[in-house]
Amino acid sequence: MQFRVVKKPEISQKQYFLIMLAAITLALLTSGLFILLLGFNPLGVYASMIQGAFGSAYRIEQTIVAAVPLIIISLGVAIAFKMKFWNIGGEGQVIMGAFFASFLALNYQHLSRPLLLLLMVVAGFIGGALWGLIPAFLKAKWDTNETIVTLMLNYIALKWVTYLQYGPWKDPASLGFPKIANFTENAILPKLFGVHIGWVIALILVVIMYIFMNYSKKGFEIAVLGESINTARYAGINIFRTILFTMFLSGGLCGLAGMIQASAVINTLSVEVAGGVGFTAIITAWLGALKPHWIVVVSVLFAAMVQGGSYIQTAFGISAASASIIQAMILFFVLGSDFFTKYKVVIGSSLPADRKGAK
Amino acid sequence: MKRVLTVLLVMLLALALTVGCGGQQTPAPSGEEGETIKVGFVYIGPPGDGGYTYAHDQGRLYLEKELGDKVQTIYKESVPEDQESEKVMRDMIDQGCKIIFATSFGYMDYVEKVAKEFPDVAFMHCSGYKLGPNYGNYFGRIEEPRYLSGIVAGLKTETNVIGYVAAFNIPEVVRGINAFTLGVRSVNPDAVVKVKWTNTWYDPTKEKNAAIALLDEGADIIAQHQDTAGPQVAAQERGAFSVGYNSDMSAMAPKAYMTAPVWNWGPYYVEQVKAVMDGTWKPEAYWGGMKDGIVELAPLTENAPEGAQEAVDEVKAKILSGEFNVFAGPIKDQSGEVKVPEGSIVSDEEQLAMDWFVEGVIGEIEK
Numbered sequence: 008m009q010f011r012v013v014k015k016p017e018i019s020q021k022q023y024f025l026i027m028l029a030a031i032t033l034a035l036l037t038s039g040l041f042i043l044l045l046g047f048n049p050l051g052v053y054a055s056m057i058q059g060a061f062g063s064a065y066r067i068e069q070t071i072v073a074a075v076p077l078i079i080i081s082l083g084v085a086i087a088f089k090m091k092f093w094n095i096g097g098e099g100q101v102i103m104g105a106f107f108a109s110f111l112a113l114n115y116q117h118l119s120r121p122l123l124l125l126l127m128v129v130a131g132f133i134g135g136a137l138w139g140l141i142p143a144f145l146k147a148k149w150d151t152n153e154t155i156v157t158l159m160l161n162y163i164a165l166k167w168v169t170y171l172q173y174g175p176w177k178d179p180a181s182l183g184f185p186k187i188a189n190f191t192e193n194a195i196l197p198k199l200f201g202v203h204i205g206w207v208i209a210l211i212l213v214v215i216m217y218i219f220m221n222y223s224k225k226g227f228e229i230a231v232l233g234e235s236i237n238t239a240r241y242a243g244i245n246i247f248r249t250i251l252f253t254m255f256l257s258g259g260l261c262g263l264a265g266m267i268q269a270s271a272v273i274n275t276l277s278v279e280v281a282g283g284v285g286f287t288a289i290i291t292a293w294l295g296a297l298k299p300h301w302i303v304v305v306s307v308l309f310a311a312m313v314q315g316g317s318y319i320q321t322a323f324g325i326s327a328a329s330a331s332i333i334q335a336m337i338l339f340f341v342l343g344s345d346f347f348t349k350y351k352v353v354i355g356s357s358l359p360a361d362r363k364g365a366k
Numbered sequence: 061m062k063r064v065l066t067v068l069l070v071m072l073l074a075l076a077l078t079v080g081c082g083g084q085q086t087p088a089p090s091g092e093e094g095e096t097i098k099v100g101f102v103y104i105g106p107p108g109d110g111g112y113t114y115a116h117d118q119g120r121l122y123l124e125k126e127l128g129d130k131v132q133t134i135y136k137e138s139v140p141e142d143q144e145s146e147k148v149m150r151d152m153i154d155q156g157c158k159i160i161f162a163t164s165f166g167y168m169d170y171v172e173k174v175a176k177e178f179p180d181v182a183f184m185h186c187s188g189y190k191l192g193p194n195y196g197n198y199f200g201r202i203e204e205p206r207y208l209s210g211i212v213a214g215l216k217t218e219t220n221v222i223g224y225v226a227a228f229n230i231p232e233v234v235r236g237i238n239a240f241t242l243g244v245r246s247v248n249p250d251a252v253v254k255v256k257w258t259n260t261w262y263d264p265t266k267e268k269n270a271a272i273a274l275l276d277e278g279a280d281i282i283a284q285h286q287d288t289a290g291p292q293v294a295a296q297e298r299g300a301f302s303v304g305y306n307s308d309m310s311a312m313a314p315k316a317y318m319t320a321p322v323w324n325w326g327p328y329y330v331e332q333v334k335a336v337m338d339g340t341w342k343p344e345a346y347w348g349g350m351k352d353g354i355v356e357l358a359p360l361t362e363n364a365p366e367g368a369q370e371a372v373d374e375v376k377a378k379i380l381s382g383e384f385n386v387f388a389g390p391i392k393d394q395s396g397e398v399k400v401p402e403g404s405i406v407s408d409e410e411q412l413a414m415d416w417f418v419e420g421v422i423g424e425i426e427k
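Protein chains in written order, with our numbering: chain P, 8 to 366; chain S, 61 to 427.
Chain P on its own, in the form it takes in the complex (with noise of 0.2 Å):
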């Protein structure tokens, strides 16, 4: 007996609501049983989950704070997927686009507020877009293997901000502690609505990249490169330059998140301006199928997980390294159904019947 694995034609609805809700029972029970196992009751930590990211207007605004960079990188990396250029590199990006904004914020203080968050957004888009820019051309001038440059990026940016916070940018006043002087008030992003105004920015960038993904020609030129290189070609699509402007984009709009991270959350640039976000992006923007619209909806679904994990913790005492596995659990059943909408295993030696006369 042998177990095979076939590709599935295209399923139904009904199969696909199935296969998911299949998905979410089996992770609610596994974790289920791991939280029983920590000696909690499941249902009461699941009960806390929600009331952690939805419980009180302030829970909420937290939730949205966590959503706004999830929703804007994953618009970012979307994009790039969409042409099949698996940009992983939205950690980096994030992180040069906040190094690029803080540079201004740091030393261009007597800006007026409006202009000087206004040059900050030019310039994280940009400090995004350039780190972006360097994967492309190696991919579009010499084929490079995108995924492992896109990854190594976001290393160097990492230690380089690292570089700055312990060495020449860390705040004097700081008595030796490493840390970079925090913005004054005019670098700092308003709030509207108890959040900062980058979530209007993320809702703005949805609208944009829908119209854009959907009804423009370059957006379409875009989708048709990531279908197949050839037909791109036949069509007189200049695949150079799409891909610099495909990760142009892409890597603009993580420098953007970057800026307002930097400046609306933690109101300085530190190594952990990103903090893992430009990865789970990568999660939202896949199970958000590329498309601006569900990306929101799984962005604020992901941050209230992460909300509601951060909860658990001071609520019940549950340690922080088993509320991460709780939400990988949970990530790991509904990631994986998504292979089970694809493909069904097959057990048997003998190869499936439609098959047989081809053999």
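Worth flagging that the hints you see were computed from the coordinates, not collected in a lab.
Please note that the accuracy of each hint is not assured.
[To be verified] Below, computed lysine-lysine pairings styled on DSBU-like, alpha-carbon distance capped at 35 Å:
| no. | chain 1 | residue 1 | chain 2 | residue 2 |
| --- | --- | --- | --- | --- |
| 1 | P | 298 | S | 147 |
| 2 | P | 198 | P | 148 |
| 3 | P | 177 | S | 176 |
| 4 | P | 166 | S | 254 |
Given chain P, put chain S in place with the hints provided.
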């Protein structure tokens, strides 16, 4: 993408169902009942680090034990010293905390920021120096037991090189290295203390590796200003000896560990929380010493050299009586010049900004 919507709705539904079912069975963990005061602790590492956070968590448990159901404590472990700490404090206040103990240096600016927004909440920041209408700071003169632990190390060393694994080059750590070195050289003027910076409070591997490097450079005793027992383990593996920090680390390295300057936070936490409950609390810059009981030297183990107990007891008695001050002159700096003349003492302000090493320290303070 209707199918994604379906999936998400199902997720919500499933979660909503669990909420519905779970609601009645479990008491809300964050509910405010009666006159209970809720206290939040922000930790830099996990309580299981066997060191710094462990000592604070022992203090938290002591608080719960002493005040019973009048107090409810919550804590968040492994909180980085960045914007995350600000969020954690806000979360705790959202969950009803009226008192926040933020237990690491790097939380300082965030404590100040959040404290200004929540004037009704009492904030106490460990190891910092900022003071305001509703936020104070607290620490202990760990330099006193550190000096004593230096005596033990100074008597024990044979190579006359003692390794010191140190976290950040901030005054708190520099002060500790100086006190330790003064203790070492009070009994062994030929010994030197080699310093290695790790730039982390909590990283067992990095701390251990720094200790191994120091052992490779000829140290036969390892001391530390770190939150974990990593350096102790390194010393034991090499057959060397060690001086711990924060809490009794004998269990982690029974063959190496000799003693440690340790924290005893419990009584202070009880006192502060009681004061808040009585309405008599005032923010202060608390800096207690051995005579206040907030710091002490852990019992010497059998690894400690002969005569160490007597030597320690003699100086300890003088510290308790106020006869002896660790930072009393004459003290020479690294270049051999007299930095603190005979008859004068390094003031508290100078100690809080200390950025120079005493003679006998091999290492640099990057500025």
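Now for the hints, and whether the structure bears them out:
no. : hint          : in the structure
1   : P/298 - S/147 : 30 Å, holds
2   : P/198 - P/148 : 43 Å, violated
3   : P/177 - S/176 : 25 Å, holds
4   : P/166 - S/254 : 27 Å, holds
Violated hint for the displayed structure: number 2, the only one.
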